[in-house]
Amino acid sequence: MRVYEIAQLVDGELYGDGNHEICNVADLGNASSSELTFAEGERALQQAAASQAGCILIPEGVSLRGHTVIRVKHPKLAFIAAANALHPSKLAAPGIHPTAVLSPTASVPASASIGPHVTIEDHATIGERCILAAGVFIGVGVEIGPDCMLYPGVRVYPGAQIGSRVTLHAGVVIGGDGFGYVFAEGRHHKFPQLGKVIIEDDVEIGCNTTVDRGSLGTTFIGSGTKIDNLVQIAHNVRIGRHSIIAAQTGISGSTAIGDCVVIGGQVGIGDHVRIEDGAVIGSQAGILPGKVIRKGNVLWGTPARPLSEFKKLYAYFSHLPDLAQKVKELSRKISEG
Amino acid sequence: MRVYEIAQLVDGELYGDGNHEICNVADLGNASSSELTFAEGERALQQAAASQAGCILIPEGVSLRGHTVIRVKHPKLAFIAAANALHPSKLAAPGIHPTAVLSPTASVPASASIGPHVTIEDHATIGERCILAAGVFIGVGVEIGPDCMLYPGVRVYPGAQIGSRVTLHAGVVIGGDGFGYVFAEGRHHKFPQLGKVIIEDDVEIGCNTTVDRGSLGTTFIGSGTKIDNLVQIAHNVRIGRHSIIAAQTGISGSTAIGDCVVIGGQVGIGDHVRIEDGAVIGSQAGILPGKVIRKGNVLWGTPARPLSEFKKLYAYFSHLPDLAQKVKELSRKISEG
Amino acid sequence: MRVYEIAQLVDGELYGDGNHEICNVADLGNASSSELTFAEGERALQQAAASQAGCILIPEGVSLRGHTVIRVKHPKLAFIAAANALHPSKLAAPGIHPTAVLSPTASVPASASIGPHVTIEDHATIGERCILAAGVFIGVGVEIGPDCMLYPGVRVYPGAQIGSRVTLHAGVVIGGDGFGYVFAEGRHHKFPQLGKVIIEDDVEIGCNTTVDRGSLGTTFIGSGTKIDNLVQIAHNVRIGRHSIIAAQTGISGSTAIGDCVVIGGQVGIGDHVRIEDGAVIGSQAGILPGKVIRKGNVLWGTPARPLSEFKKLYAYFSHLPDLAQKVKELSRKISEG
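Protein chains in written order, with this note's numbering: chain A, 1344 to 1680; chain B, 1344 to 1680; chain C, 1344 to 1680.
Hint data in this document are derived by calculation from the structure and do not stem from the laboratory. Do not rely on the hints blindly, as some may be mistaken.
Which stretches of chain A does chain C cover? Using the computed rule of at least three CB atoms under 8 Å from a CB of chain C, they are [as the list claims (entries may be wrong)]:
1. 1390–1398
2. 1420–1428
3. 1521–1535
4. 1549–1558
5. 1584–1591
Remember, it's a predicted structure, so these values are computed and weren't measured experimentally. Even for Gly, the Cβ is constructed at its ideal location relative to N, Cα and C.
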């Protein structure tokens, strides 16, 4: 793409050589003369002055002498748009690989791409233009909307419902049995795990993450929510829209998470917790069962507290030796009279 | 099923319309007139008064006017029995899918169901009525007892021994190499990982959980133990009977866990730990290598302590600012004379 | 093998019956008269006196009457060498299983062993004597060096580069998309994940571990580094040579880890952290984003501190009730005058 084409695409103001050719994107430190990059924030803009990049996306109102730049409202967002234009996702050729095993009652459109060693069971429905890569398993009655990407080795248990433009990375398991038992007569009796999983549009789920089905109800993941690798979502969990869950976090049964919540990595959330819209939970925090986290609150620690409170307590904790020393001195003074 | 049939099945006392037809189970809040539910505990029984359920399982000695009910000793257990009767697990049709690859020396009974793209290596033995779903891998010499369910993509390394009625969920790996190295001559030398894995009867293991083989000895999981998703069980770990291990917990090498132990989620247990029967470890706790946790003890925190002690310390921790303030005042009083 | 052959192999000094036959290895407590074991350290050597082992590897300068022993510089290392000689890894027969699906543009040498249901996409290159077990997926353009072992169900996304003698255990995913989004216009826009993964020689990665590709740059794992099960390595992470990472640890984006670093289990490391050579991070520790851990430092806790400092603070924490009691007494003394 020529620089002027990128400027048009991102609706930006071009300064410099509009005919210069760009064939790739790169980060600010590594971009070469045929590459596009972006700079946001004071430090990045300073670094940008020395960049070799063929073109730099910068914020409105900023100038960068001696460089071909495009001024845009939101450089990082413009960079994403340009990267997508320069690297359109390769569409797998439509068709069904001869090694795939499809039930005659499954519905698979001609526009879908079904890879080697895929299994699709009875009454499953695959949306238009879906890509099911090698070794994917789709259970009985699963419904998948259009334009989904299922990477190699994704397993979807029977009955799950998946929306449009959903991305499931390699090794993801959707719809496994919830973990619920009743101990009686000297052994664990398995509670029925008959519920389902609903995943709405534009959800992305990272490698080897597991999402259990509801026991009697439904496990639900709202539109636009993004989940990282190796996360555990238990039965009957309900997650709202546009939330973010980082790697290795675990969410216990029947917990409800609102919209636009941000949860760090390795967080542990007990059962029947309610996390309201916009809350932020710091990495490795632990939230006790049944807790309610209010709208927009920021928490950290185990058991989790408001971040400011945690920081304050932690500062006192760090000064414990001083406090103990002070008490010792007071004690001496008093006994000395 | 008619209500009177359910009453017979659970050996309960029926009050109301025995001929009413029930076709499903549901939780108390959502059960409709064709569904069975249960109510246990004061709060649930209050909620039950307004339930639309076609039939409610309630404890002996309780009455619930205007509802068709069955009185039983243990409503939740009776509910499980009724749910199993209403939703018998669908048995996959026996037979070997033509895409499965079986060694001629593997032993697979006619009653087993072997799905698409399954691989069974030399000298492996599969029990009667086992179901190996799509993409399962069974290594050389593996022995699996009758009535096991292996969900899609389960991988069992060579030599593992699995009992009867074991359930392994999608993505489970049994028998991977333990993590042991000797650092010498500037690099890590791998310690031999030649041991095996024994999994006894009625064990259930959740999605993407990993159980390593013994290095020289055996990794052992006793009858009736239930393990959640994404758990790590290291080499030479020994787990007793009827224990419960929640999601994302990790158990290091050579640790021994007794019977009926309950371990929360994201717990980390060091190597050579001994956890005696009936102990309970709270979520996210960390147990140092070599520790012994006595019978029935309840622990929490990192490093883990008896729960009551942890709670007490934590309360003091929470009041650190007050304590510091008090010391400041004392100090002022003393210096003021 | 005869004992004298083992002595030759490990370059040790033989005492006892050189013609005695050894057919297996075992740990000190379980070794029988046809088995080899080793003893290092005072306690093990005491235990060795009562061992039934057919031969014991012991340190130089030690004697053990009444036993056939081989004295060596490093008994555990010698034990590894002997175990490898007694149990040579079974080489899968070279060849391509008829159910494997290989692109005509993939390069697969005759010496490689390609198992059932494997998929190898366009322009991928497999090294000499590699073993790709059942169900492995190799994406477009992946390069794998000689003598690698990929266990069942390993998935390698397009473009990854893997060195020589690399072992990837079952369920490992290499090259998944990094977790990066820009929130704007009410939704998350995915940041480009166009980078690659480079894994150097002699790396071993445990079951179900995930290694993301770089977003614009490269995720890099240096020679000889060993990674346990269920670990998460995010985009653009750089790990040096001969480092050790235990199970369920998570490393966030753009973090750099040096050579010979040891990281315990369930550690969480924020983004843009730098951990210098030889540092040791205790299990379950949490390292805040952007931190620098100096060469050889040993850390523990969340947020992580030098171990000695953590231990000291933790001791004060444990004595908080005493401190509070002391303050109460002082307060009483002062108010009493």
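Notebook entry, point to check: Counting residues of the region 1390–1398 of chain A with a beta carbon closer than 8 Å to any beta carbon of chain C, are there 3 or more?
Noted result: violated (count 0)
Notebook entry, point to check: Counting residues of the region 1420–1428 of chain A that have a beta-carbon nearer than 8 Å to any beta-carbon of chain C, does the count reach 3?
Noted result: As far as the region 1420–1428 of chain A goes, the hint holds, because 5 residues have Cβ atoms under 8 Å from chain C.
Margin query: When I compare C-beta atoms, does the region 1521–1535 of chain A have three or more residues closer than 8 Å to chain C?
Written below: violated (count 0)
Check: Against chain C, does the region 1584–1591 of chain A show at least 3 residues with beta-carbon separation below 8 Å?
Finding: holds (count 5)
Margin query: Can you tell me if the region 1549–1558 of chain A counts as covered by chain C, using C-beta to C-beta distances under 8 Å and a minimum of three residues?
Written below: holds (count 3)
Hints 1, 3, counting from the list given before, are not met by this structure.
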